[in-house]
Amino acid sequence: MRLPTAKPASPATRALEVVPPSGPTAWLTTFTAGAMTFLCVFALALSLASGRLANRWSEALAKTATIRLSAPAEQVQIQTDAILATLATTPGIASFRALDDAETRALLEPWFGPGLPVEALPIPRLIQVVEGEPPYDSEGLRQRLAAEAPGALLDDHTRWRRPLAEAASRIRLLGILSIALIGAAMAAMITLAARAALATNAEVIHVLRLVGAKDSYIARAFVRRFTLRALTGAAIGAAAGLIGVAALPAADAAGGFLTGLGFTGWGWLWPLALPPLAALVAFAATRRAAFQKLRELT
Amino acid sequence: MISFENVAYSYGGGELLSNVSLKLAPGSFHFLTGPSGAGKSTFLKLAYAELIPTSGRVILFDKDVTTLSRDDVARTRRRIGIVHQDCKFLDHMTLAANMALPFTVSDRESSAQDMEDLLGWVGLKHLADALPPQLSGGERQRAALARAVIVDPDIILADEPTGNVDWEMSLRILTLLVELNKMGKTILVATHDLNLIRQAKAQIQARVLRIAKHRVQLAGADL
Chain A
1 MRLPTAKPAS
11 PATRALEVVP
21 PSGPTAWLTT
31 FTAGAMTFLC
41 VFALALSLAS
51 GRLANRWSEA
61 LAKTATIRLS
71 APAEQVQIQT
81 DAILATLATT
91 PGIASFRALD
101 DAETRALLEP
111 WFGPGLPVEA
121 LPIPRLIQVV
131 EGEPPYDSEG
141 LRQRLAAEAP
151 GALLDDHTRW
161 RRPLAEAASR
171 IRLLGILSIA
181 LIGAAMAAMI
191 TLAARAALAT
201 NAEVIHVLRL
211 VGAKDSYIAR
221 AFVRRFTLRA
231 LTGAAIGAAA
241 GLIGVAALPA
251 ADAAGGFLTG
261 LGFTGWGWLW
271 PLALPPLAAL
281 VAFAATRRAA
291 FQKLRELT
Chain B
1 MISFENVAYS
11 YGGGELLSNV
21 SLKLAPGSFH
31 FLTGPSGAGK
41 STFLKLAYAE
51 LIPTSGRVIL
61 FDKDVTTLSR
71 DDVARTRRRI
81 GIVHQDCKFL
91 DHMTLAANMA
101 LPFTVSDRES
111 SAQDMEDLLG
121 WVGLKHLADA
131 LPPQLSGGER
141 QRAALARAVI
151 VDPDIILADE
161 PTGNVDWEMS
171 LRILTLLVEL
181 NKMGKTILVA
191 THDLNLIRQA
201 KAQIQARVLR
211 IAKHRVQLAG
221 ADL
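Protein sequence lines correspond, in order, to chains A and B. Note that this note's numbering numbers the first sequence so that position 191 is 191, with each residue one more than the last. Note that this note's numbering numbers the second sequence so that position 48 is 48, with each residue one more than the last.
Everything labelled a hint here was simulated from the structure, so no lab data went into it. One or more of the hints may lead you astray.
Computed beta-carbon distance windows for the label pairs [claimed, not checked]:
#1 B:E116 x A:L297: 32 to 40 Å
#2 B:A212 x A:F291: 37 to 45 Å
#3 A:P21 x B:A219: 45 to 53 Å
#4 B:K201 x A:A284: 26 to 34 Å
Here are the simulated lysine to aspartate or glutamate pairs, EDC-like style, with alpha carbons at most 20 Å apart [claimed, not checked]:
#5 A:K63 x A:D155
#6 B:K45 x A:E296
#7 A:K63 x A:E139
#8 B:K45 x A:E139
#9 B:K125 x B:E160
#10 B:K45 x B:E15
Note that the Cβ used here is the ideal one computed from N, Cα and C, for glycine as well.
Can you make the complete structure from the sequences, with help from the hints?
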C-alpha cells in the first residue's frame, strides 16, 4: 500500500499539489511573461544605447572649443597675439592653434563655393582650443579674453551639446518608462490570471480552509505556481531578446544611432536581471491578489 | 468548549435562528435535529466560525469568534473535526492524501502507522490509493470521518453523516462516532434520522437538541 508518507515531499511541493493542475491556460502566463520580457530587452537596449550616445556626443564636443575673433583689420593680428598669449598661460588647455586662411576657406567652401577671397571679407579669425585634463575654467578664460582681446568670443559648444544631450537623455527616460510600463502591465495580467485561478479553485480553497489551512498556506500554492511560470517565460523571452539584439548589425565607424542599438561590455548582464525581476513582479502580484481574493472567499 | 450566548443569525430576509443559548460540555454527545431548512447546517457553521452570528456571542475554546483573525480561525479549526454531508474532498488527490490533508496544510507529517491504523479503523485500507469520485457514499463518509479525526481534535461536528448511506452503513458510522465519544471527544451530529438517534441512545448517553421556530431546545425523553 502506498501512503503519502511513503514518498517524502517537501511541504512546499505538497502545497503545490493541493491545488489541481490548471490545464492549458497555464501557458498564457508563461507566454505573457515571455513576450513582455522580450519587449523589455529592446527597451533596455534603447535606454543604454541612448545613454551611451549622449555621453559620446557630450564628450566629443566638450573636448574642443573655438575662439572667434571679430575685430577691425588693423586690430586682428594684435588681438590674435594677445589671445594666443592668454591661452599659453591658461592651465587646462592641451593645445591650441589659429586657423590659417586656407583652413578658413575650406570651412566656408560648402556655403560660399570655391575661390572665395577670404582676405577681402570681414571673416572672423578662428582659434581652435583642445581641452586638457583637468579642463580649463571656461568662465575664467572668457573674462581674461574679454580683458586682453575685446573682439574675442569663446564658444565651448554648450549651445550644441545641451539639446543633443537633452534629446538623448529624454530617449533614455522614455526607455526606462517603457520598462516600468511593461513591468506594470505584466503585474496586471498576472494579477488577473491569479484571480481567475483563485476563483476557479474556490471549492478547493473552501476545503483547505475547512481543514485548518491558513491563508498564507493557500496563497503559497498559487504564488509558487505563478512565480515559476513567470520566471520560465521571462527566461525564454530574455534569451530570445538577447539573440535578437546580438543579431543586429554592429555599429559602424560613424556610430549611427540605429546601428548603435545594443549592449556593450557589462551591459549584456542587464537583460539577465530581467527573469528574476519578472519572477519578483509575479510573486508580489500573485501574493497580493491571493490575499485579497481569500478574504472574499471566507 | 463551544457555547452560544443569545445567538441570532439571519440571512438577508428573515431570522433563521434567534435567542440560542447553550453549552457543549467536553466529552458530551449531542444530536441536532429538526426539519430540513430549519438551520442545522447554519448552527454547525456558527460552531466552526464559517459564519459569524448577527447578534449574540459564539465562544469557541474560550474565545469570542468575532475577535478571531483569519489565522486564528484556521488554528481553531485544527481542533475541530468537521464531517460534511458532501464530504468535501479534493478530487485530484488520493484518499490517503485527502485524509492527511489537515496535516499537510499545517506543514506537519502524519505518521505512516497512524495513517494505516486510521484506514483500518474505518475499513478503507484497500482504497488508500483510490480517488474520491471512485468511492461509494458510505466509503466517502467514513473517509471524511477519518480525515476529521486525524489531527486528534477535541470536537467533532458532523453534518448529516448518514444522509447518503444505507441503514447498515449508518450504524457503522454511528459506532465510530460512539467510539470517539468514549475516547473523550465532544461530538455534535446534525441529523434528521430519528432511528439513528434511538439507536445511539441505547449505546450512550446522548442529548438531543431540536430546532423549532428558530429556537434550539433540548428535547425531552420522548424519542
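Right, here's what the structure says about each hint:
1. A hinted range of 32 to 40 Å for the beta carbons of E116 of chain B and L297 of chain A is consistent with their spacing of about 34 Å.
2. A C-beta distance of roughly 42 Å is found between A212 of chain B and F291 of chain A, which places it inside the suggested range of 37 to 45 Å.
3. Taking the beta carbon of each, P21 of chain A and A219 of chain B are about 49 Å apart, inside 45 to 53 Å as hinted.
4. About 57 Å separates the C-beta atoms of K201 of chain B and A284 of chain A, a value inconsistent with the hinted range of 26 to 34 Å.
5. For a cut-off of 20 Å, the pair hint linking K63 of chain A to D155 of chain A stands: about 12 Å separates their Cα positions.
6. Simply put, K45 of chain B and E296 of chain A have alpha-carbon atoms about 17 Å apart, close enough for the 20 Å limit, and the pair holds.
7. Between the alpha carbons of K63 of chain A and E139 of chain A the distance comes to roughly 16 Å, so the proposed pair stays at or under 20 Å and holds.
8. Distance check on the hinted pair: K45 of chain B and E139 of chain A sit about 83 Å apart at the alpha-carbon level, beyond 20 Å; violated.
9. The straight-line distance between the Cα atoms of K125 of chain B and E160 of chain B is roughly 24 Å, outside the 20 Å bound, and the hint therefore fails.
10. Proposed proximity of K45 of chain B and E15 of chain B is supported: the alpha carbons are some 16 Å apart, at most 20 Å.
Hints 4, 8 and 9 from the earlier list are contradicted by this structure; the remaining hints agree with it.
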